[in-house]
Amino acid sequence: MDLLAEPKLKRPFRRRVFLIPGGEAVSPAFYRELYLRQGAAQADLAEMALALRPGRGPASWRVSGAMEAGFCETEVELLPWADLVPGAAGQAIGPGLAGRIGTLWIYLATGALLRLFKLRPVAVLALLVPPAVLSVLAVLALAAGLLLAEALAALIWPPAGWLAGLVLAGVLLLRVRFPPLPLADLGLLARQRGALPPALAERMGRFRAVLSEALRSECDELLVVGHSTGAVLAVSLMADLLRGGLPAHRPALALLTLGQRVPLLSFLPEARRFRRDLNALAAAAELTWIDVSAPEDPLCFALCDPVSVSGVAPEGKLWPLVISAALSETLSPARRRRLRGRPGLRHLQYLCAYDRAGDYDVFRVTAGPKPLAERFRGRAPSRGRIDRASSGHVTMGAPRAEAQRPVR
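Going by full-length UniProt numbering, the sequence shown opens with residue 1, and the numbers climb by one from there.
For the record, the hints were derived by calculation from the structure and aren't laboratory data. Source: prediction; values computed, not measured. Any given hint could turn out to be false.
[Stated by the list, open to error] Here are the simulated lysine to aspartate or glutamate pairs, EDC-like style, with alpha carbons at most 16 Å apart:
(1) Lys10 x Asp220
(2) Lys317 x Asp387
(3) Lys10 x Glu68
(4) Lys370 x Glu77
(5) Lys317 x Glu286
(6) Lys118 x Asp359
(7) Lys370 x Asp359
(8) Lys370 x Glu68
(9) Lys10 x Glu73
(10) Lys370 x Asp220
[What the hints assert, rightly or not] Derived CB-CB ranges, DEER-like:
(11) Glu213 x Ala285: 49 to 55 Å
(12) Leu146 x Pro58: 47 to 53 Å
(13) Arg56 x Lys317: 34 to 40 Å
(14) Gly392 x Arg175: 36 to 42 Å
(15) Arg216 x Arg53: 22 to 28 Å
(16) Gly70 x Glu213: 22 to 28 Å
(17) Gly384 x Ala334: 23 to 29 Å
(18) Ala285 x Arg216: 19 to 25 Å
(19) Val167 x Phe30: 19 to 25 Å
(20) Ile101 x Glu213: 37 to 43 Å
Backbone N, C-alpha and C fix where the C-beta goes; we use that ideal spot for every residue, glycine too.
Based on the sequences and whatever the hints tell you, model everything.
See the structure below:
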């Protein structure tokens, strides 16, 4: 049965979704095609129908959804920022290794690394993989230069052989590019020990203007979705939106964080304003905040309440509701086998289809007729939630000055 062909007896639910991905160098077309393919797969597995068509620009698309005895019209817009991340698209071995070691030193010197390890060891071990890979490549480059030098030194004038070896090693280290490695965006966020870099602050200002415009549009729900490191930006943008003042007539506000890495920023000493954002959102009655993660995902801080573990939970804390995607229950054995040994795909699963969808399903959340607040009303946090304060830095700074202008 074509659900989209059924007569629409009432006005469809209208939603605007803003998706903030992580800092990986992926084109907007990737996310659009992912939504198209995975949405079709989810429709085959569940009683729903989805139809996609172009949006207002290359980084947006529209979705018509029919499910749960209702209809929904959604516009999804991507808010990308990977172009600001050094090495997001890959870089030479030498600069890449230097950048990753510099980032690790920031976490080690500030005491954040040990606290993060105690919180989620697997997530921190994943942080160590890229510099380990780059170190191996650097050793191989130096070894190749040494072998060439020894070979040429035995055949020709020794100084010329050693010079050729040094040139080869230098070319391999400084010119040969390696494929992108995960967590390159961490270098941008940690560069100033948690303070927002100017380039990212400027991009956030543009995102804030887009959200402010959407706040005045004719829709029923404004949903901000932050995936991976993008959850950090989503938190701050939503906090700025509330801080700037809300119009009397506005859509319902909802925040969805998926596979979040919030502690990687909130545990740093200069992330004072970000911790203030976490504190403000946690007690905001004007929105609904759902945090979804999976213990099977090694690239996130699974089931860690991002507010509580950062040590900034306010009195009367309301959010977020922390729930598990429960991949062991929602994915078939065959799909789990395909994801084994592929942590990047497991980290992307929050935006994909589920064989046995549980409480969370990205297509029902973004293209279904129920607002986020109604969908998760009465839902208890997942067992295994971690909410103990674990950060050594809990001071909070003043709100951003640019966020003070009221929305009219």
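Hint check:
no.	hint	result
1	Lys10 x Asp220	14 Å, holds
2	Lys317 x Asp387	12 Å, holds
3	Lys10 x Glu68	14 Å, holds
4	Lys370 x Glu77	19 Å, violated
5	Lys317 x Glu286	13 Å, holds
6	Lys118 x Asp359	29 Å, violated
7	Lys370 x Asp359	13 Å, holds
8	Lys370 x Glu68	9 Å, holds
9	Lys10 x Glu73	12 Å, holds
10	Lys370 x Asp220	10 Å, holds
11	Glu213 x Ala285: 49 to 55 Å	24 Å, violated
12	Leu146 x Pro58: 47 to 53 Å	48 Å, holds
13	Arg56 x Lys317: 34 to 40 Å	37 Å, holds
14	Gly392 x Arg175: 36 to 42 Å	40 Å, holds
15	Arg216 x Arg53: 22 to 28 Å	24 Å, holds
16	Gly70 x Glu213: 22 to 28 Å	27 Å, holds
17	Gly384 x Ala334: 23 to 29 Å	25 Å, holds
18	Ala285 x Arg216: 19 to 25 Å	21 Å, holds
19	Val167 x Phe30: 19 to 25 Å	38 Å, violated
20	Ile101 x Glu213: 37 to 43 Å	42 Å, holds
Hint check: violations occur at hints 4, 6, 11, 19; the rest are consistent with the structure.
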